[in-house]
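Number of protein chains: 2
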Amino acid sequence: MRVLSKAILAGTVLAMAMGAAQAVDPDDAIDYRKGVFQVFVWNMGPMGAMASGDRPFDRDVLAMHAEQLNRVADMPWQGYVDGSDLGNTGALPAVWTNRARFDQLAEEFQQATANLMTAVESGAGERELRGAVGAVGRSCRTCHDDFRQ
Amino acid sequence: MRVLSKAILAGTVLAMAMGAAQAVDPDDAIDYRKGVFQVFVWNMGPMGAMASGDRPFDRDVLAMHAEQLNRVADMPWQGYVDGSDLGNTGALPAVWTNRARFDQLAEEFQQATANLMTAVESGAGERELRGAVGAVGRSCRTCHDDFRQ
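Taken in order, these protein sequences are the chains called W and Z. Note that the first sequence covers residues 1 to 149 in the working numbering. Note that the second sequence covers residues 1 to 149 in the working numbering.
Pulled out of the complex, with its shape left as it was, chain W reads as follows:
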């Protein structure tokens, strides 16, 4: 038996709550999740540039973006509602046909942003912070490889 993770259960509860109350327009859900990903990009861009050495390391700026990214890390996944595989989206059908794996990667992403926050809050040095940002970036790419066009 698979043990359902807290995140997957939370997602299920959310989906039930939303489905029970009112159907969500798939196009609205697509716009929403794309919006959250814009927030990801806004925050990940400067941190990724610091991690790769394309931009000078700045602890305060990194800390600000790490906090903001971690704050919204749980948000996009509720936008992958039924029917939103069609429309103006780069999401692959695998999101819906291999949902357990998708949910797992979403959960790992949230763990990676939480780890980055822990590093920031514990006063970790530049090397460790760049490493934690790199782990977030790899988490992004892992999911994009399998679930995004």
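In short, the hints are calculated from the structure, not lab data. Every value quoted in this text rests on a predicted model; they were computed, and no experiment measured them. Built from N, CA and C at the ideal position, the CB exists for glycine as well. Be aware that one or more of the hints could be misleading.
Claimed, not checked - With the C-beta cut set under 7 angstroms, the calculated list includes, among others, these residues of chain W facing chain Z:
(1) 31
(2) 35
(3) 36
(4) 38
(5) 39
(6) 42
Said to hold, decoys possible - Residues of chain Z clear of chain W, computed beta-carbon distances all greater than 12 angstroms:
(7) 92
(8) 100
(9) 104
(10) 141
Stated by the list, open to error - Not close to chain W: a few residues of chain Z, all C-beta gaps over 10 angstroms, as computed:
(11) 87
(12) 127
(13) 130
(14) 134
(15) 144
Assemble chain Z onto chain W, guided by the hints.
Below, chain Z alone, put in the same frame as chain W:
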């Protein structure tokens, strides 16, 4: 003398931090703030429909959206960087020519979402919750009237 609010000061510090480290591409800033507003719409839509009676009241769904909206209520404003008055945006020049008023309305919006969260967490009844959602909606409209095309 005007007493600068905490929020305005925070915004100033943020702008300094971002400006000092690296210039932000205005188009990226526009995409970012539009993204946050999509998150606003996703959460405000169902709550607004409940407040106006277009959708059955559901405390759990309202609570979820109130929490999420409040969590990102401080985010869009950092996207109104210098130069982002031009480009694919509906923001009026007044954002930059009357920034003190814009910042004030942004702060009042955050207070409205915080008030809604307080109502949710205190177990307020349907009437009070619908009222608190209505106050958030009025805050949106007040700012849109003066600062959005």
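Cross-check of the supplied hints:
no.	hint	result
1	31	5 angstroms, holds
2	35	3 angstroms, holds
3	36	6 angstroms, holds
4	38	3 angstroms, holds
5	39	5 angstroms, holds
6	42	4 angstroms, holds
7	92	21 angstroms, holds
8	100	23 angstroms, holds
9	104	22 angstroms, holds
10	141	20 angstroms, holds
11	87	15 angstroms, holds
12	127	19 angstroms, holds
13	130	15 angstroms, holds
14	134	19 angstroms, holds
15	144	17 angstroms, holds
Hint compliance for this structure: every hint is met.
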